[in-house]
Amino acid sequence: MVSRGAAAALASFHSAWSIPDLVPASGPASTPAGPVGPVPRVPVRIRRRLPARQVLPTTPALFGWLGKRFAPGEATVWAGASSAIDRLLELLYAGSALAKGRISLLEGANRFNPYRIAEQGQALGLEPTPVLEGIHLARAFTAYQLVALVDGWSAEARRRRPTLLIGHELPALFDNPEELPPEEREPLLRHVSEQLAELVEGTGLPLLLTVSGGFAAFPGLAELGPRFSDLVRLIPRPAGVELGSAREGRRLLMVHRAPGQRGLEEFAPPDATQEVNPWAAPLPLTGRHSRNG
Amino acid sequence: MAEGWLFDVTEGRDGTSVVLWLKDGARGTITRRAEPFLPPFWVDGARTDLTDLARELEKDPRVAEATFQVLRPSLYDRRPRRVLSVVTRRNPDRRRVATTIDARGGYTRFHLYDVDLTPPHLYHLEHQLYPFAPVRWDADTVAALEPAETIDYALPPIRAAELEVNLQGCRRDGLVRGTESISTVRVGNVILEGPEEALLRTVREEVVRQDPDVLLTEDGDGADIPWLYRRAQAVGFNETTFFLGREPARFQPSRAAFSYQTYGTIRHREAAFVLPGRFHLDTGNSFLWGDAELPGLIEAARLSRLSLQTVARQSPGTCFTAMEMAHAREEGVHIPWKKNRPEAWKSGRKLLDGDRGGVIFLPPVGVHDHVDEFDFASLYPHIMVRQNLSAETLDCRCCPNPRRRAPGLGYRSCDRRVGLIPRTLEPLLVRRLAYKARLRRPGLSPLEREILQRRVKMLKWILVTAFGYQGYRNARFGRIECHESINAYARELLAGLLHSAERSGYRVIHGIVDSLWVRPLDPTHPPDPERFAETMSREFDLPLGYEGRYRWIVFLPAVTHGLGVPNRYYGLYSTGEFKLRGIGSRRHDTPVVLRRFEGELLQLFGRARTADEFRASVPRALARADAFAEQIREGTWPREELLISRRIVQELGAYVTFSDSVAALRQLAHHGIARAPGETIRYLVADRTARSWRDRVVVAEALRGDEPYDPGAYLELLARSAETLLAPMGVRREALLARWGLSSDKERGPYRSPESLVQRRLDETMEGIA
Chain A
1 MVSRGAAAAL ASFHSAWSIP DLVPASGPAS TPAGPVGPVP RVPVRIRRRL PARQVLPTTP
61 ALFGWLGKRF APGEATVWAG ASSAIDRLLE LLYAGSALAK GRISLLEGAN RFNPYRIAEQ
121 GQALGLEPTP VLEGIHLARA FTAYQLVALV DGWSAEARRR RPTLLIGHEL PALFDNPEEL
181 PPEEREPLLR HVSEQLAELV EGTGLPLLLT VSGGFAAFPG LAELGPRFSD LVRLIPRPAG
241 VELGSAREGR RLLMVHRAPG QRGLEEFAPP DATQEVNPWA APLPLTGRHS RNG
Chain B
1001 MAEGWLFDVT EGRDGTSVVL WLKDGARGTI TRRAEPFLPP FWVDGARTDL TDLARELEKD
1061 PRVAEATFQV LRPSLYDRRP RRVLSVVTRR NPDRRRVATT IDARGGYTRF HLYDVDLTPP
1121 HLYHLEHQLY PFAPVRWDAD TVAALEPAET IDYALPPIRA AELEVNLQGC RRDGLVRGTE
1181 SISTVRVGNV ILEGPEEALL RTVREEVVRQ DPDVLLTEDG DGADIPWLYR RAQAVGFNET
1241 TFFLGREPAR FQPSRAAFSY QTYGTIRHRE AAFVLPGRFH LDTGNSFLWG DAELPGLIEA
1301 ARLSRLSLQT VARQSPGTCF TAMEMAHARE EGVHIPWKKN RPEAWKSGRK LLDGDRGGVI
1361 FLPPVGVHDH VDEFDFASLY PHIMVRQNLS AETLDCRCCP NPRRRAPGLG YRSCDRRVGL
1421 IPRTLEPLLV RRLAYKARLR RPGLSPLERE ILQRRVKMLK WILVTAFGYQ GYRNARFGRI
1481 ECHESINAYA RELLAGLLHS AERSGYRVIH GIVDSLWVRP LDPTHPPDPE RFAETMSREF
1541 DLPLGYEGRY RWIVFLPAVT HGLGVPNRYY GLYSTGEFKL RGIGSRRHDT PVVLRRFEGE
1601 LLQLFGRART ADEFRASVPR ALARADAFAE QIREGTWPRE ELLISRRIVQ ELGAYVTFSD
1661 SVAALRQLAH HGIARAPGET IRYLVADRTA RSWRDRVVVA EALRGDEPYD PGAYLELLAR
1721 SAETLLAPMG VRREALLARW GLSSDKERGP YRSPESLVQR RLDETMEGIA
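Heads up: the protein sequence lines correspond to chains A and B, in order.
Residue 279 in this note's numbering sits at position 279 of the first sequence, and the numbers go up by one each step.
Residue 1395 in this note's numbering sits at position 395 of the second sequence, and the numbers go up by one each step.
In isolation and in its complexed conformation, chain A is listed as follows (with noise of 0.2 Å):
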């Protein structure tokens, strides 16, 4: 059953993204609905698929929950706080390598740090060398940069066959008027859309777009962009992440907690929209130190 608050966000879903299709008719949808979108798309040849293989692995709970998010040619779109997006992109990263996945990332915002994904390996037990092998990327550092990367991804793709595909922040580079005359931007985002709509059909590999102002920031994804598997909302809570999954109404709530220490869900009755996932991360700071007082 959907709750209540999950059909909210599903309906909110669904006008936001005007991709009727999506919205399941009743309960979640355990298999994704087929193409057809408002907006008829200019024709793709498919090419040959890749094979669809294990994204992530299915423990912990928290990488089950977030590996069921992903569907083959199809995208998974993050959004909310981008801290609670950088810091859930990283365990991704770690847990990607556990399941020994390859994953091809395109980064717009220069966010990726290599010492804190491997700390997040070795939180899992793997090596540094083998997580950061198995994440191949291009970072941008200008919207023409990104438009460049973004037409050569799917041969990129074909080349190094990853299992996930991930763009990180594709618009950032875009609200910039200083770099990039405002009259361009919508344009060649909606051409980044359709790209990114041509790379997972032709591949047929999972995308995972992680968008912090939601489609708000990213004009023509919704029309032009990739079919979509699932919209997940990161939103900081007092004791952790909250992860809200559009299609499923499912929620999970990443709390912050030590090792062995155990949380008041436990003792309370199950609730089936909402899991909780002990992290044992550091807590978040709450105030920075200060020479000046």
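Errors might be hidden in some of the hints.
The list that follows gives simulated cross-link-like pairs (lysine-lysine, DSSO-like), each with its CA atoms no further than 30 Å apart [as the list claims (entries may be wrong)]:
id, chain 1, residue 1, chain 2, residue 2
1, A, LYS100, B, LYS1350
2, B, LYS1339, B, LYS1436
3, B, LYS1460, B, LYS1338
4, B, LYS1579, B, LYS1457
5, A, LYS68, A, LYS100
6, B, LYS1346, A, LYS100
7, B, LYS1457, B, LYS1023
8, A, LYS68, B, LYS1346
What the hints contain is simulated information worked out from the structure, not anything from laboratory work.
Using the hints provided, position chain B relative to the given structure of chain A.
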């Protein structure tokens, strides 16, 4: 047929020509020569798209012709291709037509070249001319008599005059409302005053009479020229009746003021008021003027093919890019409008290995003696040239097994062709070495020495920038893998030098990228440093220079963790010359009082010949600090010397915390003065505990000179300055403040807003009750 110099090329007012300003060598007069010039720009794209575009452009009234040509537009093209050449009817339409074409291609289908180069710059490039070229001309042609790269060139005779404008009832750096009339104008040695209309007419006549080639101002872009134009307009002159160049110019700036971000800091660039036929150089709006002055700027203008007025207002990076463009155009390569070459795909591991800088050691905090310093001269440019590191030659297709690979990264350097960057840099390195060699020659006149030194400094700036531009996202011919390779070669080199130094009897105590500080293992029998430098230069095939031996050098700690900071130290060479890095005297925002204090301390330490003597002079240094503190506390220190400078990083409204800078900005706003991000404000701290912007500071523009100041604020700054220099000797800020009877904790005043009417009434009520 006449001979002389090409001074400048400016854009013609008719939009279809350029104007050449030629100085007659025999008569010394300036000749204006208009040349029709409508340069094309180039469009590359799919054949069908270009055909459709050419058809469309035929209907565009702004376009004179659109024809197909076969050429190699891009640096990365191996074979010529069919591209569209577009010529507009007027030069000002070039960019507009280019934008239309780009939009037509959805901003992705077409690549455009040579769009944003100005017609004068293109004229230089297409006619093998350059600013200050010795030329011969007749009715048809103007030809340079020697190439721009000539090292031993003669400077043309240049007449310069200073221009300074003063307003009625205002200090030059005081509050200006914009409505004041002009009181005096200085042109060269002539000071003019009188009724404003007559005064302005006389200014124009005096400029014509003196006919200087260069008008030198200090803050002319921000004050003098706009003030003159504003007042000229106010009293009825127009652009054709009042002008300072050799022909009329608009009263508008040729480029508006703007703020920008570079290396993590916000900077501001004033509007540019350039003059046709005469150079307006604003020494206050020129990053390069301080080091390069006229000889250095002329050197840069010749090599970059940019006007002297442009070079003076641009960064060294822009000059370097223009030099790259000149070399690219010699090879028939055109200049991309929107650079889109991205970083290559790589693994996270490779990024970790590659995305790092040079070798940096943590220096041992404290005073050291018997320290020798060695330094590779122009290390990065030499690496780029030796290893052929350039965007198009790195990981080329033609050399799968080359001789050179970036250490640890494996990037290949082409063996078959020399890249654009080495081609651009090598002549600069040769020039710099040639000038330095000439400087060592005996018998140079002071003027010749000055000219050569300025040229060397200019070239140094350009060479320094050349490396950074490889990693700059908007560099026309940059590539981040080149940046990574240069660092990889430099790391390997310094690691090798470290081992060689240890084998030669040294112990390495500090190193930064291309410099090494070493101490002999046996100070009684130190190795010969000159011979070591020579041996290493041969071993590494790069010029390693011996900078000198220190009598003592102090490596300073970080305030946060106490470990050594690589680039914060001060020391005294055996020659008696100081080397200062990262201390207050090197910062632009240090008040004069602290500079004076540091200067006195350094003078005191300058008498020490060893580290022990240095330590022995610390009590005297503390006594000097006490004397400064005493005078500051008395409240009699000259206010001008207490002014603190701060570069503001955002608009006033964007600040969320109330600080001295915010108080100063609000005061300026109250006086009708707006400061843009990147501009500097100067203020006196009147009461650091005040929560009112009226009471907290006094901005420099409103300073009378007798205002009370906050001694506590300045004692804290003094204590911090003393701590910076003396921390390795155990001197702490808190201890100094306690010694001066001041707590390190500030006590804020109560929350109140004196400018609020409600607050005032409340205060009055409270007073009434009391």
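How the hints compare with the structure:
For the hint linking LYS100 (chain A) to LYS1350 (chain B), the alpha-carbon distance of about 19 Å falls within 30 Å, and the restraint holds. Distance check on the hinted pair: LYS1339 (chain B) and LYS1436 (chain B) sit about 36 Å apart at the alpha-carbon level, beyond 30 Å; violated. In summary, the hint linking LYS1460 (chain B) to LYS1338 (chain B) is supported, as the alpha carbons are separated by about 28 Å, within the 30 Å threshold. Proposed proximity of LYS1579 (chain B) and LYS1457 (chain B) is supported: the alpha carbons are some 18 Å apart, at most 30 Å.
Between the alpha carbons of LYS68 (chain A) and LYS100 (chain A) the distance comes to roughly 17 Å, so the proposed pair stays at or under 30 Å and holds. Restraint check for LYS1346 (chain B) and LYS100 (chain A): the C-alpha separation of about 18 Å stays at or below 30 Å, so the hint holds. The suggested pairing of LYS1457 (chain B) with LYS1023 (chain B) holds, with an alpha-carbon distance near 27 Å, which does not exceed 30 Å. Proximity of LYS68 (chain A) to LYS1346 (chain B) is assessed by CA-CA distance (about 28 Å); at most 30 Å being required, the pair is judged to hold.
Comparing the model with each numbered hint stated earlier shows that hint 2 is the single one that does not hold.
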